[in-house]
Amino acid sequence: MMSIAYMTWIEILRKRVLLVTTVLTMAFLGLYMYAVHAMASSLAVAPPGAVDLLNHFIHGALFLAIGLYTANFTVAYLNIFSAAGTISAEIESGLLLAILPRPISRWKVYLGKFIGYGAWGLLYGAVMFWSVVLIVHMNVDFPMDATTLVKGFLMFELIPLVLVSLSMIASLYLPTLGAGVAVTLLFGLGLIGGFIQRVNLTSSAQAALDNVGLITSLIMPANPLYYRMVYELMGGSNFSLSGGQTNNMLGPFCGGSVPSNAFVVYSIVYICAALLWGAYQFTRKDI
Amino acid sequence: MTAVIETRGLTKEFRGGRGVRNIDLKIEQGQVFGFLGPNGAGKSTFVKMLVGLLHPTSGEAYVLGLPAGALEVRKRIGYLPELFRYQEWLSAEEVLRFHARLCKLDGVYARERIRQVIGDVGLSGREQERVRNYSKGMQQRLGLACALLPEPEVLFLDEPASALDPGGRYEVRELLTRLCAQGMTVFLNTHLLEDVESICSDVALLMDGTILAQGSVEDILHPEPVWDFTVGGWSKSAMADLESAAEFETTLTVRKLEPSGAAVLEVKLTNAEQVAWLNVQLVQRGISVYAIEERKNRLESWFLHLTESRSGDSK
Chain R
1 MMSIAYMTWI EILRKRVLLV TTVLTMAFLG LYMYAVHAMA SSLAVAPPGA
51 VDLLNHFIHG ALFLAIGLYT ANFTVAYLNI FSAAGTISAE IESGLLLAIL
101 PRPISRWKVY LGKFIGYGAW GLLYGAVMFW SVVLIVHMNV DFPMDATTLV
151 KGFLMFELIP LVLVSLSMIA SLYLPTLGAG VAVTLLFGLG LIGGFIQRVN
201 LTSSAQAALD NVGLITSLIM PANPLYYRMV YELMGGSNFS LSGGQTNNML
251 GPFCGGSVPS NAFVVYSIVY ICAALLWGAY QFTRKDI
Chain Y
288 MTAVIETRGL TKEFRGGRGV RNIDLKIEQG QVFGFLGPNG AGKSTFVKML
338 VGLLHPTSGE AYVLGLPAGA LEVRKRIGYL PELFRYQEWL SAEEVLRFHA
388 RLCKLDGVYA RERIRQVIGD VGLSGREQER VRNYSKGMQQ RLGLACALLP
438 EPEVLFLDEP ASALDPGGRY EVRELLTRLC AQGMTVFLNT HLLEDVESIC
488 SDVALLMDGT ILAQGSVEDI LHPEPVWDFT VGGWSKSAMA DLESAAEFET
538 TLTVRKLEPS GAAVLEVKLT NAEQVAWLNV QLVQRGISVY AIEERKNRLE
588 SWFLHLTESR SGDSK
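These protein sequence lines are chains R and Y, in that order. Here the first sequence stands for residues 1 to 287, numbered as in this note's numbering. Here the second sequence stands for residues 288 to 602, numbered as in this note's numbering.
These aren't lab readings, by the way, just hints derived from the structure by calculation. There is no bait here: all hints are sound.
Which chain Y residues face chain R? A few, computed with CB under 10 angstroms, are given here: (1) G339; (2) L340; (3) I364; (4) L367; (5) E369; (6) F371; (7) W376; (8) R417; (9) G430; (10) F443.
Computed far set for chain R versus chain Y, every beta-carbon distance over 12 angstroms: (11) P175; (12) V212; (13) F253; (14) V264.
This one's a predicted model, so the numbers in the text were calculated from it and none came from an experiment. All C-beta atoms, glycine included, are put in the ideal place defined by N, C-alpha and C.
The whole structure should be built from the sequences, with the hints applied where relevant.
Here you go:
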């Protein structure tokens, strides 16, 4: 199993995925740092009294949310397109024809691939998260404590695992391009679901929209996990975002409602179930 | 003899209607078995079931006495797929090291085996090159090296020499003959009938998913010895004269006769003494003998005869 995971990493290294990702990530983080620095400087030169403590917090939160929102996208696409061809492309190319007759259970091959891509996703997610946090911390006086950071980080790290597990399932049934497109559209569906929940309508219409949002969250839990991460970083339960000034200021970078602990548990179960289902289907699959 | 590969009513049906149906096959230890058939006959489908890549729709398949595809079986077999590719971002040695880990070969033994199989398939000196730089023939050699790596008891080869040049094909034939002499059973899926003729002991012909014929190569190629005598000065009266003089049962047919008396006679004779006797008889009757040749059947004609007659039947 670890041989398969190791081979996934070698593939990422040798196919220059790591190199390209590193270069583009550096470019993204450089641009982000420049933007945050510029905005933070304009705030600093504002006339005394114009920036009160709350505004300072809101701007810090906004910088952080924008950075993590964008990081969320890059992490998502990287993981989707890395894992989308893991089964189908290797069947098409004939790579699996040589591997599967070896004395290794198919579920171990599947799990090995998940470990490989999952670890890659976690590493990249960690780099993006801590880089964004560090940039905001260096430029804006935004309150951060270790507990909220770790909680937020853990939420953020669940996102690549959700996407990798889903992309691998898609790869069982669809060719590489189809699998990538399908999971990307599902990811988009999750985003729309999140936006819908932010719309304020009459109570009956609101209930219907909330249900739509809930269903999309259950199908694709990545976006709610992002909202929960933002919630944790903004102070968690000590600082209510719902309907407040911060919430309005953060706009689409913050969810209308905060996903519960039960939803976080659901997301973990979702990943495990996706893995089990994928491994089972892979075992039954004709190659 | 123990059956190393045995199938009973093995069937695989696909949605499109293709596949294989009711295949009964028994292959004994040490055999090089040739599995023949035109494109799309279902040969690769059958092999894929034996190595556990495809799940049969019905029937049973056993390899080394255990259900085909079982983990224990996969430890003891080698497989070279037809349309395969190895990780092109690795070197040949790295590919083999990866497969050694999958086969759970321990470090020292794995290194020794890798060195040995690289030599066996003629890749020595090229093992550090990336697979992406390999020609198709070299990739096929690497595939063969991978298949041989765990010292398998049964080797499944799906078109192992299709990309090789004549020299490469000869080397592979020699290698397989050597392995077979060491007791390895080889299941050879191929279009190259010349290879089958020279190394296989038994063959089966698959067409439209069913076995059309099977038997030993010897029986197919030499069902009854037939000799061609190219002669001059042949006359009709010589025929009756020779048949009455014969002290053994034989059949003499004139295949070709020219007005000058030049002819080709087809004679069924069982041994060299009978050939010599007939030669003497012809000469004594004033008939010149220009050439005597034993007619050799070719697998190709057997293959074409069966597949064409089957195609004719289906029309």
